[in-house]
Each structure stands twice: as structure tokens, then as C-alpha cells.
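Going down the list, the protein sequences come from chains Y and V.
Take the first sequence: its position 520, counted from the start at 1, is 519 in numbering that gives the first Met the number 0, and no numbers get skipped.
Take the second sequence: its position 297, counted from the start at 1, is 296 in numbering that gives the first Met the number 0, and no numbers get skipped.
Among these hints, one or two may not hold up.
[Claimed, not checked] Here are the simulated SDA-like cross-link-like pairs (lysine to any residue), alpha carbons at most 20 Å apart as the crow flies:
1. Y/LYS357 / V/SER113
2. Y/LYS25 / V/SER113
3. Y/LYS26 / V/GLU102
4. Y/LYS26 / V/GLY130
5. Y/LYS26 / V/PHE111
6. V/LYS96 / Y/MET251
7. Y/LYS243 / V/ILE92
8. Y/LYS426 / Y/LYS357
9. Y/LYS30 / Y/LEU250
10. Y/LYS25 / Y/ALA9
11. Y/LYS243 / V/GLY11
It is worth saying that the hints were derived from the structure and are not from the lab.
Quick caveat: nothing in here was measured; it's all calculated off a predicted structure.
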Amino acid sequence: MKTSQKVAGAAANYVDERTGAAKWLKKNLTKVFPDHWSFMLGEICLYSFIILLLTGTFLTFWFDPSQREVVYHGSYLPLSGIHMSAAYDSTLHLSFDVRGGLLMRQIHHWAALIFMSAIVAHLFRVFFTGAYRKPREFNWLIGVGLLTFGIVEGFLGYSLPDDLLSGTGIRIAEAILQAIPVVGSYLAFFAFGGPFPGTAFIPRIFIVHVLLLPGLFLALITIHLMLVWYQKHTQYPGPGRTEKNVVGYPLMPVYMAKAGGFFFVVFGVTAFLGAVASINPIWLYGPYTPGQISAGSQPDWYMGWLDGLVRAAPPLETHAFGHTISWNILIPGLIIPGILFTGMALYPFIESWISGDKREHHLLDRPRNAPNRTALGVTAITFILISLLNGGNDIIATHFHLTINGIMWFTRIGLFTIPPIAFVITKRICLSLQRADRDLVLHGRETGRLVMMPNGEMLEVHEPISDAQKWTLTQHQTPGALPAPLPASATVGIKGKIRARLNRANAVQIPAPTLSDLKELGEAHH
Amino acid sequence: MSNQIERFQDPGLPEHVHRNADVDPRAAKRAEQQIAILFLLSAVGTILTIVSYIYIKSTTFFYLPVMGRTNLQQLLLGIGLTAATLFIGLGAIQWAKKLMPDEEVIAERHEFRSEEVDREELVETFKERAGASGIGRRSLIKRSLGLSLGLVGLSPLVLLRDTGPLPGKFLNTTNWAAGTRLLRDPDGQPILASDIEVGAVTQVLPELSAGMERTLENTGKDAVLLLRLRPEDFNLDPERLSWTHEGIIAFSKICTHMGCAVALYEQQTHHLLCPCHQSTFDVTRGAKVIFGPAARPLPQLAITVNADGYLIAKQPFTLPIGPSFWERNSSNG
Chain Y
0 MKTSQKVAGA AANYVDERTG AAKWLKKNLT KVFPDHWSFM LGEICLYSFI ILLLTGTFLT
60 FWFDPSQREV VYHGSYLPLS GIHMSAAYDS TLHLSFDVRG GLLMRQIHHW AALIFMSAIV
120 AHLFRVFFTG AYRKPREFNW LIGVGLLTFG IVEGFLGYSL PDDLLSGTGI RIAEAILQAI
180 PVVGSYLAFF AFGGPFPGTA FIPRIFIVHV LLLPGLFLAL ITIHLMLVWY QKHTQYPGPG
240 RTEKNVVGYP LMPVYMAKAG GFFFVVFGVT AFLGAVASIN PIWLYGPYTP GQISAGSQPD
300 WYMGWLDGLV RAAPPLETHA FGHTISWNIL IPGLIIPGIL FTGMALYPFI ESWISGDKRE
360 HHLLDRPRNA PNRTALGVTA ITFILISLLN GGNDIIATHF HLTINGIMWF TRIGLFTIPP
420 IAFVITKRIC LSLQRADRDL VLHGRETGRL VMMPNGEMLE VHEPISDAQK WTLTQHQTPG
480 ALPAPLPASA TVGIKGKIRA RLNRANAVQI PAPTLSDLKE LGEAHH
Chain V
0 MSNQIERFQD PGLPEHVHRN ADVDPRAAKR AEQQIAILFL LSAVGTILTI VSYIYIKSTT
60 FFYLPVMGRT NLQQLLLGIG LTAATLFIGL GAIQWAKKLM PDEEVIAERH EFRSEEVDRE
120 ELVETFKERA GASGIGRRSL IKRSLGLSLG LVGLSPLVLL RDTGPLPGKF LNTTNWAAGT
180 RLLRDPDGQP ILASDIEVGA VTQVLPELSA GMERTLENTG KDAVLLLRLR PEDFNLDPER
240 LSWTHEGIIA FSKICTHMGC AVALYEQQTH HLLCPCHQST FDVTRGAKVI FGPAARPLPQ
300 LAITVNADGY LIAKQPFTLP IGPSFWERNS SNG
């Protein structure tokens with residue numbers, strides 16, 4: 000035996016005698032993970048989170064989270080002699096006088112954008128494929144939590160430098176707090192340690208940004224991954240893949256290399272963006288003062304849709320009994336997001352209530368085979384995209400020579416009309432795709448070869464698809480099993496009627512072709 | 000034909016097809032070399048990072064198309080770090096794809112639901128253990144514990160009370176009073192009415208009494224925009240018109256929607272626009288909201304001139320400035 004093998008053996012023995020890890024490791028080193036590009040979206044979330052921890056730690060070595068007033072004397076001359084907060088001053092120092100500081104700031108900001116984008120993409124992958132169904136509802140809830148905290152964490156992060164743009168964002172956040180009925184102005188004064196802007200807010204959000212929320216992320220991500228591990232990953236349908244198995248590659252060595260390698264790829268791409276693509280050049284904005292503002296104030300994209308909703312809100316306030324209630328802030332800033340996020344969290348339970356389906360699901364749905372769900376997802380995306388568009392209405396107006404008023408009215412009407420249209424169109428497309436699948440299975444693939452029959456008739460030759468493809472396209476429906484027929488007792492009363500109506504809507508499906516259909520068709524041809 | 004519906008059958012996993020590198024040792028050797036080259040490129044990236052950290056001046060800027068003026072050191076550090084990480088990743092993935100086993104493996108799943116026996120035993124154990132605590136029998140303990148657990152969360156809430164003072168009258172008041180001189184921001188000079196030209200817009204702050212500091216908190220509610228129009232452009236009721244001075248009119252600069260600075264003035268239309276949410280105010284009609292989410296006009300500050308000809312406030316703001324809050328009394332506007 001080589002010395003290196005001996006050392007490794009001794010180390011393994013030392014650990015095992017104290018933990019009994021050998022049995023667990025033996026089983027888990029060969030754990031099987033299914034392969035699909037869309038499963039990498041969640042990995043991107045994890046890896047960008049690690050990048051955020053690493054670069055963020057670097058930034059804390061120089062960043063001074065204080066609103067104490069200082070005079071700038073650093074190497075960025077245009078701001079020389081200007082009064083500013085220590086937070087802004089130290090961010091300038093990081094950007095201009097610390098080697099690699101600007102790079103780390105930019106990687107950190109890009110990683111945050113990638114983190115949020117990957118969370119949203121991962122969420123929609125999970126939604127459209129029905130991966131949240133039993134037994135994975137807990138992980139869906141954790142995911143919704145991570146998304147929510149991610150939005151807050153990102154907002155707090157870009158608020159820290161205390162530049163003119165971020166300070167304006169904080170001012171808006173303060174106005175939302177202040178708008179909460181009864182306790183609003185108290186909450187605002189407590190959060191800011193007095194009147195806005197005060198000197199308490201930056202230090203407070205700093206500790207939330209670098210300790211509280213990252214700790215929460217770490218805990219939630221750990222549970223999220225442990226559940227993925229324990230419940231085994233879902234897989235797409237295909238030959239040899241069933242509800243009872245998982246088909247893929249073993250952790251060691253394939254997934255260690257692939258997933259480990261992918262971490263470095265994500266790091267490399269983020270580092271490249273940080274190196275060449277300027278992001279949040281705070282020195283151009285100047286220090287924050289409540290009396291000034293820059294035109295074209297924009298939040299980051301994951302806040303942009305909220306800002307777009309706020310911009311679209313009609314000027315509604317209730318003035319009564321010496322009190323003011325700002326519906327123009329409460330509805331777009333708190334009520335609509337509240338409804339959206341609550342609905343999202345509850346969706347797996349609502350769907351299972353409608354269908355009466357309490358079985359475990361490990362095979363993913365092809366989105367077309369769940370038309371209502373897919374249509375609902377597209378509806379939500381449409382709503383968010385219109386809001387996001389309106390969040391950039393000033394930029395769009397100047398770039399495309401439109402009027403802001405025009406875009407605002409488009410949004411106000413579009414938010415209510417376009418999502419329902421998107422629902423109907425998506426559902427129709429799903430059903431058409433189901434028909435196309437049926438056609439493909441029963442009639443085969445068009446080859447493009449034309450044949451002239453003896454009687455002069457022209458025919459295109461169709462070629463049967465493979466057995467594997469036939470199985471993939473038809474495996475989804477066990478006749479009568481989904482949606483499960485609701486018991487009669489479940490359709491009593493208003494709640495029951497709603498449930499029965501939704502259940503019927505879900506049952507609209509193009510029947511998956513069967514071998515019997517194919518045989519029948521064959522007989523008809525002869 | 001039978002009535003039994005026959006479904007398509009699962010043909011099972013497709014047969015494994017060997018890769019080039021599995022069967023041809025030369026292809027495998029080539030793959031090994033490719034992977035090694037990728038890993039070596041990563042090492043080059045690390046060296047580039049270290050060299051540019053030490054040897055390139057952090058003050059060297061140069062012009063790059065698309066990117067504009069760029070700091071050479073930051074760029075090379077970034078490129079080095081990119082290479083150092085990206086190529087490790089690409090090498091590892093190439094290794095997995097070309098040389099590691101690519102035959103798919105099947106693992107069985109187990110149902111999560113426990114065996115009926117275990118579930119029943121758990122219920123029994125739970126009941127038995129709960130019984131041992133006596134919580135079911137001893138209602139005094141149960142109730143007093145419920146009370147104390149319900150209350151224990153109050154302490155941290157109470158302890159957070161000192162995070163800030165109570166709002167008091169702060170949101171209702173500003174530092175503008177009758178006779179306060181208008182000072183130009185940022186130079187702090189008092190303003191003669193004749194200094195303001197038609198079409199001009201100036202940010203002003205109140206002259207503070209001795210010993211008072213110009214804090215950001217004060218600026219956040221005191222900031223005022225001073226504009227001069229031709230007097231015939233105004234469309235105001237007589238009272239509001241008397242708050243102007245020879246076409247000079249003053250409004251709170253703090254948006255009544257969410258508190259941003261209403262800083263964009265369209266001279267031709269006399270519209271003020273808030274860049275945050277595009278609320279638009281018509282200066283000629285007392286900053287009435289003509290578009291956007293703001294629900295109230297910008298409060299107008301009554302101005303006049305003192306004996307020396309300097310602009311002064313005639314009286315404090317008659318309304319609270321800035322965004323709404325619960326205690327805001329809107330009975331007079």
C-alpha cells in the first residue's frame with residue numbers, strides 16, 4: 000500500500016470510530032441524481048449565495064456602516080471636500096483605493112442579481128413541472144420564504160452605500176412604513192431611530208443584511224437541501240423512469256465533478272461580469288440628501304415590479320375623522336404583494352384540494368399536460384412583467400419616445416386585462432400541444448417525403464416515432480386517476496360547488512392516445 | 000375488438016451507447032489532455048491575478064471601446080479571477096462528461112409514510128408520555144403556562160420601544176415661520192425678489208434660528224422650491240394668489256406621495272414632476288396633481304418680502320408637508 004493510501008485509511012478510520020459515518024457515507028456517496036439542465040437553476044441559487052458570502056465578507060473589512068458625517072478626501076476628485084456619511088465615504092474608498100475593492104463590489108452586486116434571477120427561474124421550473132406536489136410542499140414553502148427574504152436582503156444591500164439613489168429608495172420604504180394605518184408613524188420613528196433619515200438606519204440594516212438574514216438563509220437552504228437529499232430528486236418522465244425509482248448518475252464521482260465544477264463556472268461568469276460590466280457606480284450619484292434626487296431613479300429588477308405597481312396606483316386617499324389612509328401606497332405596496340405571496344405559498348394545497356389528489360409525485364409534469372396550472376403561471380408572469388415594465392416607464396419613455404402618461408395608462412388597463420388574456424391563450428396552446436402529441440403518436444412524424452400514388456394522388460410519408468418517444472408522450476394519464484373523482488360529500492355548499500367547478504375545469508384534457516387507438520386507426524386504414 | 004384499453008408500454012431504459020473515449024484509448028488520452036489544459040489555464044489566471052495585484056498601479060486608466068474609461072488593475076484582477084475559477088469548472092465538467100462513467104443508474108424510492116404499526120406506536124407513545132407529564136389532568140398548570148407563554152413575547156417588543164422617540168409633532172411641523180427668510184441652497188444666501196428671473200427654479204431652505212443645525216432631517220421637511228412665472232400665468236384663488244409675490248411662488252419640494260424630492264420642472268408647461276413615481280403637479284393651479292399616484296397637491300408656502308426686499312415666509316405651512324401618515328389631519332386639505 001502506498002503511504003498516501005495508508006494516511007487516508009487511518010484518517011477515515013479515525014473519523015468513523017468517532018461518528019460511525021462509514022455506513023451513511025457508503026450509501027450516500029453513490030446516491031443517484033437525475034440529469035436535466037433545468038435542475039441547475041437551483042444550483043445557481045446556492046452557488047451565487049456562496050459567492051455573496053465570500054465577496055460580502057471581503058466588503059465588510061472596509062465598509063463603515065455609519066451615518067456619521069465626514070468630509071471626503073479620497074482619490075475620486077470630483078467629490079473632494081463634499082460632506083457625506085461614513086458609509087458613502089467608505090464605499091468610495093472601497094471602490095477607488097482598495098485593490099480589487101471595486102471588483103468585489105461589482106461581483107457582489109452581480110451575484111445578487113443572479114441569485115434573485117436564479118431563485119425566480121427555479122421557482123417557475125418547480126411550478127410549471129408540478130415539482131411542489133406531495134411530498135415536497137415543505138420545500139415549496141421554504142422556497143417562497145427564501146424568495147421573500149431575498150428581495151428584502153437585496154434591497155437592504157443596495158441601500159447600504161447611502162448614495163443619492165439608494166437613499167431615495169430608503170425614503171420610499173419609510174413612506175410605506177409611515178402609511179400603515181394606526182401604527183405607521185410610530186413604526187417609522189422606531190425603525191429610523193427618529194425622523195428620517197437619522198443616523199440609526201444604516202447601522203441597523205447593516206446587521207440585518209450581514210448577520211440576521213444570511214443566518215436565516217443558511218438555515219433555510221440547509222433544510223431545503225436536506226429535504227431534496229432525503230426525498231430524492233424528482234425526474235422528468237421517460238422510458239425507464241417511474242414514480243418508484245430515480246434514474247441518473249451517482250454523486251461520486253459524476254455529480255461531485257459536475258456540481259463542483261458548476262460552482263466554479265458560476266463564480267467565473269460572475270467574476271467576468273464584475274470585471275467588465277459596471278454596476279451601481281455610486282460615485283456618479285453623490286451622497287444622499289433628502290432635498291435632491293437624480294432623474295430616472297430605478298430600483299433593482301426584483302423590486303422594480305413593486306415600484307411599477309406603486310407608479311400605476313391611482314391617487315386614492317381616505318381622509319376621515321382627522322386621519323389619513325393612503326390607498327395609493329397600501330394597495331400596491333403591501334396588499335397586492337401580500338396576496339401574491341400568500342397565494343403562491345398556498346398554491347400546492349389549493350391545487351391538491353381542487354383535484355383531491357393526495358398521492359406522492361416524483362415524476363414531473365410536462366407543462367402542457369397541466370394546462371390550468373401552466374396558464375396560471377403565465378398569468379402571474381404577465382402581471383409581474385407589466386408591473387416591471389411600468390417600474391421603468393421613465394426610462395422606456397425616453398428611450399422609445401413614448402409619453403409616460405401613455406405607458407402608465409397602458410399599465411393601469413393592462414394589469415387587469417392582459418393577464419386573463421394570457422391565461423386563455425396559454426391554456427389553448429397547452430391543449431393544442433396535447434393534440435400535436437396525440438397526432439405524433441398516432442400518425443407519426445412528417446418526413447417531408449412526397450409519394451405519388453398510381454392514381455396520381457400525392458401523399459406525404461409519415462414515419463412512426465420510437466417506442467421511447469411514444470411512452471414519453473403518453474405516460475402522463477392513467478385514465479380516471481387524475482383529476483381524482485371528488486367524493487359527493489366534497490361538492491356540497493358554496494365551497495364544495497367552487498371545488499367541483501375548478502375540478503371540472505382541470506379535467507379538460509385531450510385524451511392521451513393509447514395502443515388501442517393506434518390499432519383501431521391501423522384497422523381503419525386497411 | 001376487446002373493450003380493454005391497451006396503453007403504450009414503458010420500453011425501459013434505452014441501451015447505453017459508448018462514447019468515443021470509452022472505446023478508443025487515443026480519444027481518452029486526448030480528453031485527458033484537454034482537461035489538463037483547462038486546469039492549467041486556471042493556474043495562469045491565478046498568476047495573472049497575483050501579478051496584476053502587485054505590479055499594476057491602481058491609478059492606471061485607459062480607454063476601451065464599449066466599456067469606456069477603465070481601471071486597468073481592476074479589469075485584470077477580474078479577468079484573472081474569471082480564468083482562475085471558470086477553467087477549474089470547465090475542466091471538472093469536461094472530466095465528468097468525457098471520462099467518468101456515463102451509464103445511467105437506477106435507484107429505488109421508498110414511500111415516506113411510515114408503517115401503520117409505527118404510526119400507531121407513535122400515537123400511543125405520545126399519549127403515554129403526555130399523560131406522564133400530567134398536562135391533561137392538571138388544568139391549573141396548563142392554563143398558567145398558556146398565559147405565561149402568551150405573554151413572554153411581549154418583553155422583546157417592549158424592549159424595542161427605545162429604538163426611537165415618538166413622532167410627536169415632528170411630521171406636522173417644519174422650520175418655516177412667519178418672517179423666516181428664504182435662503183438659497185446650497186450657498187445659504189438670502190434672496191432678493193429681483194434676483195429671481197421669470198422661468199427660474201431655485202431650491203431654498205429656511206433661515207434657522209441661532210444654534211439650530213441644518214440636519215438632513217430638517218432638510219427632509221424644510222426643502223422648498225421657489226419658481227417665478229408671469230403673474231398672468233397663475234390660475235389661483237385670491238387667497239393663494241396673495242401667497243405669491245410678483246409671480247414668485249413657493250412649494251414644498253417633498254412629494255406628497257412618498258417623500259421624494261420633486262425636482263423636475265418643465266418650464267414650458269409649468270409642470271413639476273417627481274422622478275420616483277411620476278406624480279405631476281401643475282404650478283399654475285397651486286401644484287394640483289394632474290397625473291400619477293400622488294393624492295394631494297404640494298403644500299404652498301405663503302411668501303412676501305421684508306423691508307430690505309428679501310423674500311420671507313408670510314406664515315408657516317398651513318398643512319403638513321410630505322407623504323401621508325395616520326395622524327395627518329386632512330380636514331382642511
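The hints, checked one at a time:
1. Y/LYS357 / V/SER113: With a Cα-Cα distance of about 16 Å, the restraint between Y/LYS357 and V/SER113 holds, given a limit of 20 Å.
2. Y/LYS25 / V/SER113: violated, 24 Å
3. Y/LYS26 / V/GLU102: Distance ~19 Å between Y/LYS26 and V/GLU102 Cα, so the pair holds.
4. Y/LYS26 / V/GLY130: With Cα atoms ~39 Å apart, Y/LYS26 and V/GLY130 exceed 20 Å; violated.
5. Y/LYS26 / V/PHE111: holds, 18 Å
6. V/LYS96 / Y/MET251: holds, 13 Å
7. Y/LYS243 / V/ILE92: Since the Cα atoms of Y/LYS243 and V/ILE92 sit roughly 29 Å apart, the hinted pair is violated (cutoff 20 Å).
8. Y/LYS426 / Y/LYS357: This hinted pair is violated, its Cα atoms lying about 24 Å apart.
9. Y/LYS30 / Y/LEU250: With a Cα-Cα distance of about 5 Å, the restraint between Y/LYS30 and Y/LEU250 holds, given a limit of 20 Å.
10. Y/LYS25 / Y/ALA9: holds, 17 Å
11. Y/LYS243 / V/GLY11: Given that 20 Å is the threshold and the Cα spacing comes to 13 Å, the pair holds.
Consistency note: the structure conflicts with the earlier hints numbered 2, 4, 7 and 8.
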